[in-house]
Each structure stands twice: as structure tokens, then as C-alpha cells.
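Peer 1: Respectively, the protein sequence lines represent chains X, G, R and W.
In this text, residue positions in the first sequence follow the working numbering: the first is 1, and each later residue adds one.
In this text, residue positions in the second sequence follow the working numbering: the first is 1, and each later residue adds one.
In this text, residue positions in the third sequence follow the working numbering: the first is 1, and each later residue adds one.
In this text, residue positions in the fourth sequence follow the working numbering: the first is 1, and each later residue adds one.
One or more hints might be untrue.
Heads up, the list lumps identical chains together, so a pair's fine if it works in one copy or across two of them.
Said to hold, decoys possible - In silico lysine-lysine, DSS-like type, Cα no more than 25 angstroms apart, as pairs:
hint : residue 1 : residue 2
1    : Lys159    : Lys55
2    : Lys55     : Lys121
3    : Lys121    : Lys4
If you're looking for bench data, these hints aren't it; they were derived computationally from the structure.
A quick note: this is a predicted structure, and the numbers were derived from the prediction, not measured.
Number of protein chains: 4
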Amino acid sequence: MTEKKIAIISTGGTIEKTYCELEGVMQNEVSNLDVMLAQLELEGIEVVRVPLMNKDSLDMTARDHDLIARTAGTMAEAYDGVVIVHGTDRLAVTGERCVEAVAELDAPIVLTGAMRPFALKITDALQNLVEALLAVQLCEPGVYVAMHNRVLRFPGVVKDRQHGRFVRAGGDG
Amino acid sequence: MTEKKIAIISTGGTIEKTYCELEGVMQNEVSNLDVMLAQLELEGIEVVRVPLMNKDSLDMTARDHDLIARTAGTMAEAYDGVVIVHGTDRLAVTGERCVEAVAELDAPIVLTGAMRPFALKITDALQNLVEALLAVQLCEPGVYVAMHNRVLRFPGVVKDRQHGRFVRAGGDG
Amino acid sequence: MTEKKIAIISTGGTIEKTYCELEGVMQNEVSNLDVMLAQLELEGIEVVRVPLMNKDSLDMTARDHDLIARTAGTMAEAYDGVVIVHGTDRLAVTGERCVEAVAELDAPIVLTGAMRPFALKITDALQNLVEALLAVQLCEPGVYVAMHNRVLRFPGVVKDRQHGRFVRAGGDG
Amino acid sequence: MTEKKIAIISTGGTIEKTYCELEGVMQNEVSNLDVMLAQLELEGIEVVRVPLMNKDSLDMTARDHDLIARTAGTMAEAYDGVVIVHGTDRLAVTGERCVEAVAELDAPIVLTGAMRPFALKITDALQNLVEALLAVQLCEPGVYVAMHNRVLRFPGVVKDRQHGRFVRAGGDG
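Chain X with its partners taken away, still in its complex shape:
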């Protein structure tokens, strides 16, 4: 069986936050994406990790968004799919940037993140990662967000901060 090659670009965000005992806070310090991946059964795909940065997306600069979008675009030429793990607050900014940055995509780019860190007992991190890894295999080339069992295509996706989820801009869903 030919394996699909999937690149995962990690940029930080809530999903990767861990607990600092000294400060008593959740922070982006070490990546736990490898621990997450180790808990999944992944058959038929080969996952390549691309650790780009580890930031709360509220701290991202225009240059950060740009760097992520260009890296994703380049990876989409070499891989069968690209997953971007991202903070949800500014995920849509990077999503739109990906659409602008890349004229014609060879493979899908799927962004995902989480409302609750993987380090917590109750978390949406693993679910969202599973969804991104499957959506990137099933969707046609394009830029998407996969989270909470819903896949939406950019452009025109925004975060609904009140409910902690992504929706189509304009409210038609």
C-alpha cells in the first residue's frame, strides 16, 4: 500500500500548552505534539514533523503568519498534505494568508488547534488532530480548518469567540 506523506507544521497555541509548576500557569514552552501523535494509530500515512515556532497565536506578528503560510505552501509541493497546528485566536489570519500566498495548491492545507490544552484531562486536542489528519487525506487541494468535527474551507472563515469554534463569516454557516 503506497503511503501518503503528510507534513505537520507546529506553531504552538493552546493545544500545545503545558503546565509550569513554578508559575502555576499554562504556557507554550515544550512541544507535546510527539506525545499526541504517539497516542494515535496512523496507518497508510507517513508523518513528517516541521517544528516552526511555539507561540500563543496572540503573540504572532504579521511576519509569523507570513512565514507559516509560505512554509505550508512550499510543503504542499513536496507532500500529499499539510497540517498546521495553530493557536485558535489568530488561526483564521494564517488561513487567509495561506490562500493569498499560494496561487495554485497541489495538496490540501488543513489548520487545526484546540480550545483546551492536550495537557488537560478534558481536552479537544486529540480529536482535532485526528480530524485534521483525516481531512487532509479526504479533501481536494485547498485551505481548511478542521475542528470539533467540522471542516470549513478558506477564505471566509472566522472564529466565533463566544462559542469557541469556527464558522463561515457572514453567519450563513
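Guided by the hints, dock chains G, R and W onto chain X, whose structure is given.
Peer 2: Below, chains G, R and W alone, put in the same frame as chain X:
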């Protein structure tokens, strides 16, 4: 946002097995599918539970496979997608039966199960359920198995018992 | 079998912190002590919950420490043992106050807390609670801290902030 | 701080059972006691592992019970305490054997086990192990079972099979 209506037919299998303290064995007695669903964030879909049976699939009769296939076919007329939770040992039998039983499908039917019960700390149950719930939204009408991050379309899918996974018959993958 | 009656006074601290999705921080807002207790098998004891406050112990005033000590002293007259769930930063202050406040104890008072909130996957919360509940049955009347499989008796116990644990003052152990 | 040296003799039982995917059953094959210990914060004690056997206690012979009792007795001379991890069905047989085998104990021997394997999400394994490790430090020399937050001293302890717990023989508790 219009919600998709997804029917989940539960039939038992390893994924739903729970531990009996008295006997010290894993068995299909009570369904834990509702507990699994409660641990997921499901947006944009409305899930309807159809508890059909709770059996180890090795105990299924030809009539059981038939009943499941016909129920799935009927549900596919009324819902936007149908997920079947099933024991993996005879999952492919039901999958093929679904293909035979239904002339023309209006919606996708996605079968899934698990190699390790949800009741265990280390389990593929939740991952597989998430994949089935997403695949049923992304795939065109047809009969599929979604498990371990891979979606395969019936007919022509068999269980690779040695590795505990599903593959295309004939070995081309 | 006669049941021992144990009072659990909850005051907050890291052990009870939960995650706030909106702010992305761990905070003392709702108590999760009942969830913790529900995960334990407790035979031969009857646990009575006394929710006193829900504070990071760094925010405790002299009056708070006093209130906790006096409440514990009173409870020790009516119950077979008293457990105090407390933030570790100022736990020793309350411990010493308990010794001063109560001339003669009828039952043991055992303080405990955690370095990592119960809400996290990796946490010492449940272990420490189990230890406090057992120590309060096995120790003679007195004031103790039980944490990380070690029981130390007040007075003369301090927090070793560097290692996140309690030790005897003076360093002799 | 002087460390106490605790020997843990593992003999198998439900607590150590793991899931066999091929057979779909829980069995005593590999020990997971090291994984359990790695999840605990143990300060002030040094734990030495003595893997003796890995059996369902229903399969133990008189010779097995004898071997465990004599090993525990010997260890109690060299260590500050001995914990025996054991199947609950015949735990009381080994407990009584320990009392008979050892004329005068230098250190406490604490037996423990579990009604639900550590491999399960919902399990009493870690709680019971924590209790045994604490009881062995707090109790005077003697033979005990620690489980479900209760410590009972041999001789005269039996398993109450109906409730899955240990009680004093004769029913006085």
C-alpha cells in the same frame, strides 16, 4: 448553519466492551457509546443513536449482518450519513452486505470499530469514532470503513488479522 | 463494620484549579473535590464535605488561616479525623496555626494539596488525597501534612519550593 | 532526610492484567507495575522491585503462597517495609501464610491488589498501590491488607466476594 443529521447504528464489538469485575473478562453487556460521544465536541452535526444489538461480531449470524445492512440502507435515505459501530472481526462481512443490499445510496455509510475497548486507558476507540464521524461528512455516497486514520471503500476490503487493521483485498493496498 | 467519619475541609489551592477557556488560565473557581472523591473506592469511612473557601493560598489572609485552623479544630471534636485540602504555598502557615489554635486534639488533622491541578492528565492530586484520607485513619491525634507518599508532623514543617515538596525545617529531614 | 527502603514483591493478579488484542482478553503476561510507580510522586522512600511471579491468584499453588510468604519474611529483615502486589481472590491465603511463616517481624508487610486492572480507565489499582506504600510506612510491624482506603491486619481477614472488598472474618468488621 444547517446541521447535518448523522445516524449511528451500534452493534457491539470490541469498541463497546466493558470489564466485568466478577468474571474478570471484557464483554458486550452495556453500551458505552454515549460516554464516548459525550467526550467529543461535535459541531454542525446532529447525532441520532440507533442501538441495534450489542454483540461480539464473531457471534453474528447471517441474519444479523443482513439486519444491520438493511437498517443502514434505510437510515441512509433519511439521514445525511450513517455510521455503524461494529466488531472488527466480521466488519467486512457487513460492509460487503451493505454494498449488495443497497442498489443506490443517497448518503455514505461508514463502518468503524476498535482493536482495543474504549474502557482501556490505551485505546483506538475514540480516534476511530472521530474518523468515522468526519468521513461520513466528507465522502461521497458509498460504503466505507474508517479506522486508524485510513478510509477504505467497499467492496474489496478485508481485515488483516495479523496487524489488526483493514486493507484492500489482493494486497495492492 | 463501624464507619469512621472523616471531614474534608476544602480551601482551594492548585489541586482544585480548573481551566478557563476564555482566559486560557488555571484558576480557583469551581471545586472539583467531589469529582476526585467519586473516582476513589472508600470503604469503612464516611466522608463529609466542608467547603470553606476556594482560594490560591497566596491570596490567603491571616484571618483565612485562622478560620481554617479553628474550623479544623472544631471538626476534630466531632469527627474521627479531619482532612484539609489547601494550596501548598501557604499550607505550612495553616499547619502551624492548627497546632497553636488547638490545645488538645481528639483526632488527627491532615493537610494536603498538589503541585499539579487535578484537571491535568499528569497530576499528583488524587495520590495526595488518597494519602491524606489514609493517614488520617492511621496516625494518632496531631497535625500533619501528607503528600508525595510522605507524612510529616507539625510543628516544624516547611515547603521546599525548589523541589515542590514538604520537609522538616532545619533540613534534618 | 534518611530514606526508607521499601521492597515491592509483585506476583500478578488483576491489578497487573493487560489486554491481549489477539485474544480479546485480560491476562497476566507483562508486568505494568513500573508504569504505575512512574505515575507516582514518591519522596522519602526508595522502592526496590522484586518480580516474583505474574499469576492470576486463582492459579496459585500452595507452594506459590509459601514462596511469597517466605520471600516477604526475608525481605522484612533487610527493608523498612514490604509491599506485596497480589490477586485478590487468594490474597488472604498468602496473608495468613505470612503470619504463620514469620515468628517475629522487623517491618510491616502490606498486601494489596485491585478489583479492576490498571490498564482500564476506571480502576482502583493506583489508589490501592498508594495506600499500600503509605500504610507500610505508618503501621507497626505486622501483616496487613490495604485496599479501598481501609487497612486490615492479619490474621482474620477474608475477601467479601459479593462486594469485591476485604473484611474481618466473622463479620464484626
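Peer 1: Does each hint hold? Answer for all of them.
Peer 2: Cross-check of the supplied hints:
1. Lys159 - Lys55: Within one copy only: 18 angstroms inside, 32 angstroms across.
2. Lys55 - Lys121: both (22 angstroms within a copy, 22 angstroms between copies)
3. Lys121 - Lys4: neither (31 angstroms within a copy, 29 angstroms between copies)
The earlier numbered hint that this structure contradicts is number 3, and it is the only one.
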